[in-house]
Amino acid sequence: MSDTPIKPRPRVGLFATCVMNAFRPSIGFASAKLLEDAGCHVSVPAAQTCCGQPGLNSGDEDSARALAKQVIEAFEEFDYVVGPSGSCMATIRHDYPNLFADMADWRKRAEALAAKSYELLSFLTDVMGVTEVDAEYKGTITYHDSCSGLRSMGVKGQPRQLLGSVKGLTIKEMEDTDVCCGFGGTFCVKYPEISEKMADDKLANAAATGADTLLGGDLGCLLHLAGRLRRKGSPVKVYHTAEVLAGLADGPSLGEENR
Amino acid sequence: MEFRSPEFKTRAVHALHDANLQKALSNTKAGFVVKRAKAAEEMPEFEALRDTAAEIKNHVLANLDHYLEKYEAAVTAAGGHVHYATDAEDARRIILGICKKANAKRITKGKSMVSEEMSLNEALIGEGYEVVETDLGEYIIQLADEPPSHIIAPAIHKTKDQVADLFAAAHNKPRKTDRAELVAEAREVLREKYFTAEVGITGGNFLVAETGSSVIVTNEGNGDLTQTLAKVHIVTSGIERVIPSLDDLSVFLRILARSATGQETESYTTFSTGPRREGDIDGPEEYHVVLLDNGRSKMLGSRFQDMLRCIRCGACMNHCPVYGSIGGHAYGWVYPGPMGSVLTPLIKGMDGTYDLPNACTLNGRCKSVCPVRIPLPDLLREIRHNQFRQDMTPKRQKQALKLWRYVAERPKLYHFAERIGVRILASMANGKGKLRSLPFDPGWTGARDLPAPTGRTFLELWQAKRGDK
Numbered sequence: 003m004s005d006t007p008i009k010p011r012p013r014v015g016l017f018a019t020c021v022m023n024a025f026r027p028s029i030g031f032a033s034a035k036l037l038e039d040a041g042c043h044v045s046v047p048a049a050q051t052c053c054g055q056p057g058l059n060s061g062d063e064d065s066a067r068a069l070a071k072q073v074i075e076a077f078e079e080f081d082y083v084v085g086p087s088g089s090c091m092a093t094i095r096h097d098y099p100n101l102f103a104d105m106a107d108w109r110k111r112a113e114a115l116a117a118k119s120y121e122l123l124s125f126l127t128d129v130m131g132v133t134e135v136d137a138e139y140k141g142t143i144t145y146h147d148s149c150s151g152l153r154s155m156g157v158k159g160q161p162r163q164l165l166g167s168v169k170g171l172t173i174k175e176m177e178d179t180d181v182c183c184g185f186g187g188t189f190c191v192k193y194p195e196i197s198e199k200m201a202d203d204k205l206a207n208a209a210a211t212g213a214d215t216l217l218g219g220d221l222g223c224l225l226h227l228a229g230r231l232r233r234k235g236s237p238v239k240v241y242h243t244a245e246v247l248a249g250l251a252d253g254p255s256l257g258e259e260n261r
Numbered sequence: 002m003e004f005r006s007p008e009f010k011t012r013a014v015h016a017l018h019d020a021n022l023q024k025a026l027s028n029t030k031a032g033f034v035v036k037r038a039k040a041a042e043e044m045p046e047f048e049a050l051r052d053t054a055a056e057i058k059n060h061v062l063a064n065l066d067h068y069l070e071k072y073e074a075a076v077t078a079a080g081g082h083v084h085y086a087t088d089a090e091d092a093r094r095i096i097l098g099i100c101k102k103a104n105a106k107r108i109t110k111g112k113s114m115v116s117e118e119m120s121l122n123e124a125l126i127g128e129g130y131e132v133v134e135t136d137l138g139e140y141i142i143q144l145a146d147e148p149p150s151h152i153i154a155p156a157i158h159k160t161k162d163q164v165a166d167l168f169a170a171a172h173n174k175p176r177k178t179d180r181a182e183l184v185a186e187a188r189e190v191l192r193e194k195y196f197t198a199e200v201g202i203t204g205g206n207f208l209v210a211e212t213g214s215s216v217i218v219t220n221e222g223n224g225d226l227t228q229t230l231a232k233v234h235i236v237t238s239g240i241e242r243v244i245p246s247l248d249d250l251s252v253f254l255r256i257l258a259r260s261a262t263g264q265e266t267e268s269y270t271t272f273s274t275g276p277r278r279e280g281d282i283d284g285p286e287e288y289h290v291v292l293l294d295n296g297r298s299k300m301l302g303s304r305f306q307d308m309l310r311c312i313r314c315g316a317c318m319n320h321c322p323v324y325g326s327i328g329g330h331a332y333g334w335v336y337p338g339p340m341g342s343v344l345t346p347l348i349k350g351m352d353g354t355y356d357l358p359n360a361c362t363l364n365g366r367c368k369s370v371c372p373v374r375i376p377l378p379d380l381l382r383e384i385r386h387n388q389f390r391q392d393m394t395p396k397r398q399k400q401a402l403k404l405w406r407y408v409a410e411r412p413k414l415y416h417f418a419e420r421i422g423v424r425i426l427a428s429m430a431n432g433k434g435k436l437r438s439l440p441f442d443p444g445w446t447g448a449r450d451l452p453a454p455t456g457r458t459f460l461e462l463w464q465a466k467r468g469d470k
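Note that the protein sequences, when read in sequence, are chains A and B. Take any residue in the first sequence, note its place counting from 1, add 2, and you have its number in this note's numbering. Take any residue in the second sequence, note its place counting from 1, add 1, and you have its number in this note's numbering.
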């Protein structure tokens, strides 16, 4: 929970993750809808690009620092920074301050931004106090806990709580739901065979639940898993949790043919 | 031990296609992960003990010289000898010297990963000694002429049938398939070795500065027989394994077994303090401790000091989905999995170890179970930073990062490029929703389709609809 009392209509800067921006605009609109329904004023700064994680995880700290500065400048005016990704938001929350260990000014600004940065669903429940949504989804879903969200941002019960309020939706938990799916950013292209094995382990657990839909909170993992499902000709649908919660999961799922 | 980390990629792919290995690895979960979770849950103070354990280790590392001197004085007072080895070669020289002086022919060994680090078996065998590993797992892989693939379960990659074949060939006895019978057969063969060995070599899980004791924890009791029945007992351990007192030891003993195997305690916890004293009914005549540095003192005071807290429980690899997919041999040296991917580049050097810290999804499961709270993903990422600074990152990747940064630092250019990109990909997908192949594919479409973009970016749609700045 946030320490400061919630303003009547907090100003939220929506962090449009680079993968979402390119591959799945509906997640952005779903995020905005959920935030506005919760009483937030949502803005999408045009000066944003990427959080810098690819550089940070590939050893290129300078690039990560440069992009972190850009994100800080674009978002520090807002009451909160919220993004539909545990991974990007964990970078802002946990890594940004460390990037500026030797730069007191920037470190202060990074810490201030980190303190008000949240993953979407945990923000809705833990900060805005949302307990249910007004949405319907006819199907049985299984939810994959993406690693950064789970371990760095404490996202576990929140999506399940909100999904529990969706009419017509049944949740079936899979085995090892907290085990990595094998995406891992550039890992999935650097070590594609290991990544494939991890995806298959994850998808076997998902299939064992009999769910017709796989949900998750990080689009990187979902593109990877949906891509593997499509390659194997599986009919299982993949959506971002926010799409279902916002009632925007009526279009083609990830990798599905236009209907 | 042979250094094969440079072959990580090919060995990993090979491991993925090894049906026996995959079968053996699939048992790890029930064997380790489930049991550890249960053991941790059943002990209310488990999380607090992890904090205490990390604090004790941090205190020791901040005062390592003091505790090593204290430990050495206590060992000496008990009639033992402490030897400091700067590297593997130095350690081999010291141990060969002790064995020669003891007129040894046969040497029994309890499990010791530090002795693997020293390539000790190769050196002893090269000098004509008969070396017998007495830990069942180590014994199995010695028969198979393979290195360990796990730090506490060295033969975890072997199936029961493979062990049956190895025993039948080595023992000249009818092939057995029952687990208990296989264990009994190894026991019988090993029993005779304990009584006839002149030197027994064990590891040392903990070195207690207060008493000068070395402590080993085992499940088979083989370590006890190794160290009490031979004339000379040699302990091999790392300089970082010293702890202040028996009280501190009790903290570690409570978390080690739970983290490693999910047991409340191992079957045997054995203390060795010096050689046999007057009136003792058994015990060695000589007691030596060989403390290996091998790069550890360089880690002190560095960004990697946290790694020296490691108590070698194996929880990180048991919970690592990459280790669980490829097993330990792919990592190519003594220590596999997350802890090995940090240690190997630090001990063996950056050359030939590029893949180890990179073949990790940074999913953090290892960190979440480490009993001494080593931030393994952070350390792995730190090594990637060192690789980048030392210009070891592959050229293509560096160029890609440079281009990505150039574009990402220019939002207008970035969004323009993304708009073009999504239009091209969407038109290539032609309403099918996915792409089976990509031009300039970096490695995505070998086993996966790429879910196709819809043709417009979120920002352009948002701006058209809502007109944000």
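No wet-lab data here; the hints were simulated from the structure. One should not assume that every hint holds.
Simulated pairs of lysine-lysine, DSSO-like, Cα-Cα distance not exceeding 27 angstroms [unchecked claim]: (1) B:36 with A:158; (2) A:239 with A:174; (3) A:71 with B:71; (4) B:10 with B:106; (5) A:234 with B:10; (6) A:174 with B:30.
Do the hints match the structure? See the list:
1. B:36 with A:158: 22 angstroms, holds
2. A:239 with A:174: Distance of about 15 angstroms is within 27 angstroms: holds.
3. A:71 with B:71: 50 angstroms, violated
4. B:10 with B:106: 40 angstroms, violated
5. A:234 with B:10: 24 angstroms, holds
6. A:174 with B:30: 21 angstroms, holds
In the structure shown, a violation is registered for the earlier hints numbered 3 and 4, in ascending order.
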